[in-house]
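**Student:** What follows is each chain in one-letter form.
Protein chains: 2
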Amino acid sequence: MKMSGGVEWALHCCVVLTAADQPVPAARLAELHDVSASYLAKQLQGLSRAGLVQSIQGQSGGYLLTRAPELITVLDVVEAVDGTRPAFVCTEIRQRGPLAVPAEACVVPCAISRAMTAADAAWRGALRAVTIADLAHDVSVDYDSDPFAVIRPWLGAAERTA
Amino acid sequence: MKMSGGVEWALHCCVVLTAADQPVPAARLAELHDVSASYLAKQLQGLSRAGLVQSIQGQSGGYLLTRAPELITVLDVVEAVDGTRPAFVCTEIRQRGPLAVPAEACVVPCAISRAMTAADAAWRGALRAVTIADLAHDVSVDYDSDPFAVIRPWLGAAERTA
Chain A
1 MKMSGGVEWA LHCCVVLTAA DQPVPAARLA ELHDVSASYL AKQLQGLSRA GLVQSIQGQS
61 GGYLLTRAPE LITVLDVVEA VDGTRPAFVC TEIRQRGPLA VPAEACVVPC AISRAMTAAD
121 AAWRGALRAV TIADLAHDVS VDYDSDPFAV IRPWLGAAER TA
Chain B
1 MKMSGGVEWA LHCCVVLTAA DQPVPAARLA ELHDVSASYL AKQLQGLSRA GLVQSIQGQS
61 GGYLLTRAPE LITVLDVVEA VDGTRPAFVC TEIRQRGPLA VPAEACVVPC AISRAMTAAD
121 AAWRGALRAV TIADLAHDVS VDYDSDPFAV IRPWLGAAER TA
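Sequences listed follow chains A and B, in order. Everything in the first sequence is counted per the working numbering, starting at 1 for the first residue and increasing by one. Everything in the second sequence is counted per the working numbering, starting at 1 for the first residue and increasing by one.
Next comes chain A alone, as it looks inside the complex (with noise of 0.2 Å):
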């Protein structure tokens, strides 16, 4: 199972801008990752899309989270990125060959599919069990020191830097 490595930075993203006072350019989120600014560019947009961040334009413009971090799972950051498609995709294999199950008798989804809907259910609860603010928290305190303390600063001085 493969998924997008956009979900990676886009989650980053999100947990950086809990830090924002104001509106962070595409350039300097780029910077703080390091990663090339139209890569970055692709995954805020499906950010945007998704209405999970929204970018303000003029001098001091660039992205900022639309609503609470508590307000925004790793789910809705997923789902933007990756689509919200299931990795499994049932093709109706019980309907094909010579031993095929007419159409009309298929009135609930095959068992195997069932089986599979049932992982990615589980599979998405967890990721809407954990909110951006869980993120961040978590990140404030696996270190001997606030990461934010250092990130804060370095947003703000972004006007100065563009």
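Since the hints were made in silico from the structure, they are not lab data. Keep in mind that this is a model prediction, so the values were computed, not measured. Any given hint could turn out to be false.
[Unchecked claim] Below, computed lysine-lysine pairings styled on DSS-like, alpha-carbon distance capped at 30 Å:
hint, chain 1, residue 1, chain 2, residue 2
1, B, K2, B, K42
2, B, K2, A, K42
3, A, K2, A, K42
4, B, K42, A, K42
5, A, K2, B, K42
The hints should help you fit chain B onto chain A, whose structure is shown.
**Tutor:** Chain B alone, transformed into the frame defined by chain A:
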């Protein structure tokens, strides 16, 4: 997130093999599922490498499950075909850029990685909770008539038609 389409074929093959009294040729499984034999052979080889099915050589050769279907989980099959690598791979973004966390401070996985690992564990746990026997039972009760009542003699007729 994307999963190999082979997972679906492999699960259907395992469920069908619960009805086999004797080895089922790969060509017979391909015919039953109306799929190319070469494509299905690849999935069967994955199942064989993982020790879930055995290939019996000779005139009456074919595939059989290696153990009771109660002892084969859906996760076993998914990992046999799609691998065991988690969908999310942490690339240690926290160690990049001008405010990189020093490697020596990264004594625990990144908070983002931990959240994704927990979700992956929930997904695998759900797949581990369902066995091939469970799927076969569900298939046998899903329809007005038990599909295995037709599949079993059809598989047994392989020698006459192969």
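**Student:** Any hints this thing doesn't respect? Which numbers, in order?
**Tutor:** Hint check: 4 fails alone, others pass.
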